[in-house]
Amino acid sequence: MNTLNGNVIHTQELTKTYKGVNALQGLSLQVPKNSIFGFLGPNGAGKSTTIKMLLGLTRPTSGKAVLFGKDITQESLAVRRKVGYLAQDPRYYEHMTARQTLRYTARFFYSGPKDLIEARIEEMLDLVGLDDKADRPIKGFSGGERQRLGIAQAQVNYPDLLILDEPAAALDPMGRHDVLAVMEKLRKYTTIFYSTHILEDVQRVSDRVAILNHGRLVAEAPIQELLAGNGAGSVYNVTIKGDAARAQSRVEAQPWVHSMGAILKDGLTHWQVTVHDDEAAEDQLLLLILEDRALRVKSFGRKTYNLEEVFLTMVREESKK
Amino acid sequence: MNSQSKLAVSQDLILAARQGLIPVRQRAWLGGFGNMLRKELGQWWGTRTWWVQTLIWVLILNGISTIVALTEGLPPAELLQEVVQTFLPMSVGAVGMGTVIAAQGLIVGEKQLGTAAWVMSKPASRSAFILAKVVANALGFWVTAIIIPSIIFVITVRTVVPVPLDLAPFLVGVGISALSQFFYLTLTIMLGTFFNSRGPIAGIGIGFVMTGLLLKGFIPMQVMIATPWPLPDVAGGLALGMELPSIWPVPVIATAVWVIIMIAAALWRFGREEF
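Sequences listed follow chains A and B, in order. The first sequence begins at 10 in our numbering and counts up by one. The second sequence begins at 35 in our numbering and counts up by one.
Treat the hints as calculated values from the structure; they're not laboratory data. Some hints here could point you the wrong way.
[To be verified] Here are the simulated DSSO-like pairs of lysine-lysine, each with C-alpha atoms no more than 27 Å apart in a straight line:
(1) A:Lys329 with A:Lys274
(2) A:Lys42 with A:Lys194
(3) B:Lys145 with A:Lys148
(4) A:Lys250 with A:Lys274
(5) A:Lys142 with A:Lys123
(6) A:Lys123 with B:Lys73
(7) A:Lys123 with A:Lys73
(8) A:Lys329 with A:Lys312
(9) A:Lys142 with A:Lys73
(10) B:Lys145 with A:Lys28
(11) A:Lys194 with A:Lys250
(12) B:Lys145 with B:Lys250
(13) B:Lys250 with A:Lys142
(14) A:Lys250 with A:Lys307
(15) A:Lys148 with B:Lys250
[Stated by the list, open to error] Computed far set for chain A versus chain B, every beta-carbon distance over 10 Å:
(16) Phe117
(17) Glu131
(18) Leu136
(19) Phe150
(20) Asp181
(21) Pro182
(22) Leu189
(23) His206
(24) Lys250
(25) Arg311
Every residue, glycine too, gets a C-beta built ideally from N, C-alpha and C.
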């Protein structure tokens, strides 16, 4: 696979303006090979616009994007040969059956042999559980069945990159579970770039996350890094047994400490230490406490956030700007 | 081909060989043409569309011309002239209008439903999308609205009218009718790339046909000959071997040129469509 420094997607200052309104402003993003990349943002943040630009469905106003080392505007067809795409509200020819739809999709990629194409279609129908409805016209399909067909058609060409726009938005909990399971199964074969606003799903399956708000990139990081700190600095939780007053003075005096809170409860002191410098905290915080040999550290750890906290904090802060 | 794309091609082939599947290799501007053409033809010939269209046109064109052919009291030569002059001009005008009505949703329908965006997310070129529509629908309309009614017309005339119909000039007239139909098809497809609803497409298309039918006496000759409006008269005249004004090829050539211009405009506009 032809990638740019191991990145399947590389965008640089990608911008889209519709009639003077900025739908996307200077998006610079790298999506590493074989990652599951969650693209988060509230409605109207620019997620679908970004995806449409990557697929050549709409043209950037300025900036650049490269997929597999190929420019999205100059070599769009070559890019689309390697991509599988599921739209937010997938639409197909209603008179076709699921099998005909997959056959039609497959023929954009493969000219033969016919039996292998049919075998691949069968495999996809089986994967998404539509084998019993394969020969029914799509016009009778439910939303969930359409979504499952969407996943099947997106994968029929063994894509190197799977782009999914809100893949689980219209699904019930079982459907969502199935979609996430399929995504996890595909991780070793392909890179998955998907937009969503279901934060629980992102936290479950994603390696990296980008948060978009009002067309601007608010954050991009590996999910663990994002959950470890919400941007205002890392927070360490420490529980101590014994008189911690002197240790508290020592810690507060450190230049890398931003703020500190202490609560006495059930004979234990609970600290919450917010730091600017993670490395310094990791190296020194515990040692500073243990200088006082009378103290016993009952628990020590960096506070982890859930994605919802991180997302809401970042989006609110960005919206204030 | 640069070294990067050479590498991409070879990797594609390796992957395909691994799966045993043969990747489609087409020129970029024609990407997906065969697949889309097959689908468009399937919509004509794999559904009831073909026989519904055939039934409509046979009833209209052959029905009316047969009624004329059964008119009593006309000398045989005049009757033949009357029948041909009814069938061909009517097929030019009515088929033109029918084409606009039937084809108004070809592009707009796909834009509105989102199927065009879905297809364009695959390795399919925008030009191939338009050309597949043009080719499949031209074939569909030609066969159902021109060729089949013309065959039935020839059989009817040979059965009912005592004077033989000269086939070669008649076929030239049918060819003119087919060109006129192609003009209205490409006009409708072009309008579909510019507009996002059916109203303006049907309005402009039908308005154009009606202007030619109803107002041609008021339109200056210099304008007339640059349009397909004189084609009903040209088709009828050529089919009967009548003497036509020397400028008769001008509207034929002009219509052919308009067809090329409208296909080019459709390709240009659809190439800039934002989904």
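Evaluation of the provided hints:
{"no.": "1", "hint": "A:Lys329 with A:Lys274", "result": "violated (37 Å)"}
{"no.": "2", "hint": "A:Lys42 with A:Lys194", "result": "holds (15 Å)"}
{"no.": "3", "hint": "B:Lys145 with A:Lys148", "result": "holds (18 Å)"}
{"no.": "4", "hint": "A:Lys250 with A:Lys274", "result": "holds (10 Å)"}
{"no.": "5", "hint": "A:Lys142 with A:Lys123", "result": "holds (21 Å)"}
{"no.": "6", "hint": "A:Lys123 with B:Lys73", "result": "holds (17 Å)"}
{"no.": "7", "hint": "A:Lys123 with A:Lys73", "result": "violated (38 Å)"}
{"no.": "8", "hint": "A:Lys329 with A:Lys312", "result": "holds (25 Å)"}
{"no.": "9", "hint": "A:Lys142 with A:Lys73", "result": "violated (42 Å)"}
{"no.": "10", "hint": "B:Lys145 with A:Lys28", "result": "holds (20 Å)"}
{"no.": "11", "hint": "A:Lys194 with A:Lys250", "result": "violated (46 Å)"}
{"no.": "12", "hint": "B:Lys145 with B:Lys250", "result": "violated (35 Å)"}
{"no.": "13", "hint": "B:Lys250 with A:Lys142", "result": "violated (56 Å)"}
{"no.": "14", "hint": "A:Lys250 with A:Lys307", "result": "holds (7 Å)"}
{"no.": "15", "hint": "A:Lys148 with B:Lys250", "result": "violated (46 Å)"}
{"no.": "16", "hint": "Phe117", "result": "violated (4 Å)"}
{"no.": "17", "hint": "Glu131", "result": "holds (14 Å)"}
{"no.": "18", "hint": "Leu136", "result": "holds (15 Å)"}
{"no.": "19", "hint": "Phe150", "result": "holds (15 Å)"}
{"no.": "20", "hint": "Asp181", "result": "holds (23 Å)"}
{"no.": "21", "hint": "Pro182", "result": "holds (26 Å)"}
{"no.": "22", "hint": "Leu189", "result": "holds (22 Å)"}
{"no.": "23", "hint": "His206", "result": "holds (20 Å)"}
{"no.": "24", "hint": "Lys250", "result": "holds (61 Å)"}
{"no.": "25", "hint": "Arg311", "result": "holds (42 Å)"}
When each numbered hint is compared with the structure, violations occur for hints 1, 7, 9, 11, 12, 13, 15 and 16.
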